[in-house]
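Protein sequence lines correspond, in order, to chains A and B. Counted from 1, the first sequence has number 138 at position 139 by numbering that gives the first Met the number 0; the numbering is strictly sequential. Counted from 1, the second sequence has number 103 at position 104 by numbering that gives the first Met the number 0; the numbering is strictly sequential.
Please note: incorrect hints may appear among the correct ones.
Not the full set, but computed from the structure, chain A residues with beta-carbon under 8 Å of chain B [claimed, not checked]:
1) A38
2) W69
3) R125
4) H148
Label-pair restraints from in silico Cβ distances [claimed, not checked]:
5) A:V165 - B:A26: 35 to 43 Å
6) B:G53 - A:R22: 35 to 43 Å
7) A:H23 - B:G63: 46 to 54 Å
8) B:G63 - A:L68: 26 to 34 Å
9) A:L68 - B:G53: 38 to 46 Å
10) B:G53 - A:R82: 50 to 58 Å
11) A:L68 - B:Q19: 35 to 43 Å
12) A:R22 - B:G60: 56 to 64 Å
13) A:N86 - B:A33: 22 to 30 Å
The hints are simulated quantities; they were obtained by calculation from the structure and are not laboratory data. Given the structure is predicted, the values throughout are model-derived calculations rather than measurements. Idealized CB from N, CA, C, for every residue including glycine.
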Amino acid sequence: MAFDANSETSDEALMVLYANGDRHAALALTQRITPRVLAYASRLLSGDRAEAEDVAQETMLRLWKVAPLWRQGETKVTTWAYRVATNLCIDRQRSRGRKRQMALDDAPEVADTGPGAEGRLQDAGRMAALEAALAELPDRQRQAVVLRHLEGMTNPEIAAIMEIGVEAVESLTARGKRALAALLSGRKEALGYEDDGHAG
Amino acid sequence: MRMTDMQDDLDDLLATAARQAPAPSEALMNRVLADALALQPQAPGPRPVATEPGFLSRLAGLFGGMPALAGLGTAAVFGLALGYLSPTTLDYLIGMPTDTAEFFPEADFLTTEG
Numbered sequence: 000m001a002f003d004a005n006s007e008t009s010d011e012a013l014m015v016l017y018a019n020g021d022r023h024a025a026l027a028l029t030q031r032i033t034p035r036v037l038a039y040a041s042r043l044l045s046g047d048r049a050e051a052e053d054v055a056q057e058t059m060l061r062l063w064k065v066a067p068l069w070r071q072g073e074t075k076v077t078t079w080a081y082r083v084a085t086n087l088c089i090d091r092q093r094s095r096g097r098k099r100q101m102a103l104d105d106a107p108e109v110a111d112t113g114p115g116a117e118g119r120l121q122d123a124g125r126m127a128a129l130e131a132a133l134a135e136l137p138d139r140q141r142q143a144v145v146l147r148h149l150e151g152m153t154n155p156e157i158a159a160i161m162e163i164g165v166e167a168v169e170s171l172t173a174r175g176k177r178a179l180a181a182l183l184s185g186r187k188e189a190l191g192y193e194d195d196g197h198a199g
Numbered sequence: 000m001r002m003t004d005m006q007d008d009l010d011d012l013l014a015t016a017a018r019q020a021p022a023p024s025e026a027l028m029n030r031v032l033a034d035a036l037a038l039q040p041q042a043p044g045p046r047p048v049a050t051e052p053g054f055l056s057r058l059a060g061l062f063g064g065m066p067a068l069a070g071l072g073t074a075a076v077f078g079l080a081l082g083y084l085s086p087t088t089l090d091y092l093i094g095m096p097t098d099t100a101e102f103f104p105e106a107d108f109l110t111t112e113g
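Okay, chain A solo, but in the shape it has when bound:
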């Protein structure tokens, strides 16, 4: 039987099928999990594409190795993958001292150009500023904010990934967002928010 990223077969069932030698299950898991882990790692690593790809591949490698020992009903595959990716990202940040590689002040200013290009540049500038601001957050706050607001996970899912309680997740995301707002508020004009009608 062939599976794809959108089939109704659960990730956990695919793990069992993979461990039993089903090649279609290997493809389906690759298509489902890899993009999510890559996006998450890219956001934790301040957009470093090459390192995010390494983290994604290493996470998936560990997934394949653990598949024969996988025990259904204990942990969701995505929870496990996000947890491994988180640890790999932290290891890389610590070992290379790259956490503050991209300072907030390094984010590009929005240039004044033509109307179409201006919007794109403005968006790019805002994304870069957000990325830089995220890099300024403490590790746990950044993880919580990324998982909640960029990966779209629920607080219980984040709690399972970070191995903490739901209340702790709520606290981390709230503090993280406040810190982000404070970091970005000094750059509102540079990021073009004065023109969006939010000036107060």
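Go by the hints and put chain B onto chain A.
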């Protein structure tokens, strides 16, 4: 400039960023899939089907298995052959006349009246 404005802008910014997830390259997907197939356990081959022993096998088991049953059959056939053979043929086979055979020559007194 109020912080609440920035909070609103931040929500918009986060929502925009959430929609712009970096897509994996084809090369990365190929590497991941190659790892998956290289590390995948092999599917187990077809196992020999265990069959229930038949009636004859179970019957043979009662007598110690097929070899023992073969010996028993040979003895039975030989016994039948001996039973059906005429006394002349039997004389020929054993090399002496069966009517003069005396198994207990000294035991005549048992059959003698007097």
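Each hint, compared with the structure:
The interface hint given for A38 (chain A) is met, as the beta carbon of that residue sits about 4 Å from the closest beta carbon of chain B, less than 8 Å. Because the beta carbon of W69 (chain A) sits about 12 Å from the nearest beta carbon in chain B, more than 8 Å, this interface hint is broken. With a cut of 8 Å, the hint placing R125 (chain A) at the interface with chain B holds, because the nearest CB-to-CB distance is about 6 Å. Interface hint at H148 (chain A): satisfied, since its Cβ lies 4 Å from the closest Cβ of chain B, which is below the 8 Å cut-off.
Between V165 (chain A) and A26 (chain B) the beta carbons are some 39 Å apart, a value that agrees with the proposed interval 35 to 43 Å. Remark: the range hint 35 to 43 Å for G53 (chain B) to R22 (chain A) is upheld by a beta-carbon distance near 40 Å. At about 53 Å, the CB distance of H23 (chain A) to G63 (chain B) agrees with the hint of 46 to 54 Å. Separated by about 48 Å at the C-beta atoms, G63 (chain B) and L68 (chain A) break the suggested range of 26 to 34 Å.
Between L68 (chain A) and G53 (chain B) the beta carbons are some 42 Å apart, a value that agrees with the proposed interval 38 to 46 Å. Separated by about 57 Å at the C-beta atoms, G53 (chain B) and R82 (chain A) satisfy the suggested range of 50 to 58 Å. Hint check: L68 (chain A) to Q19 (chain B), Cβ distance near 36 Å, so the stated range 35 to 43 Å holds. Taking the beta carbon of each, R22 (chain A) and G60 (chain B) are about 45 Å apart, not inside 56 to 64 Å as hinted.
In this structure the hint that N86 (chain A) and A33 (chain B) lie 22 to 30 Å apart at CB holds, the actual value being about 24 Å.
Of the hints listed earlier, those the structure fails to meet are numbers 2, 8 and 12, in rising order.
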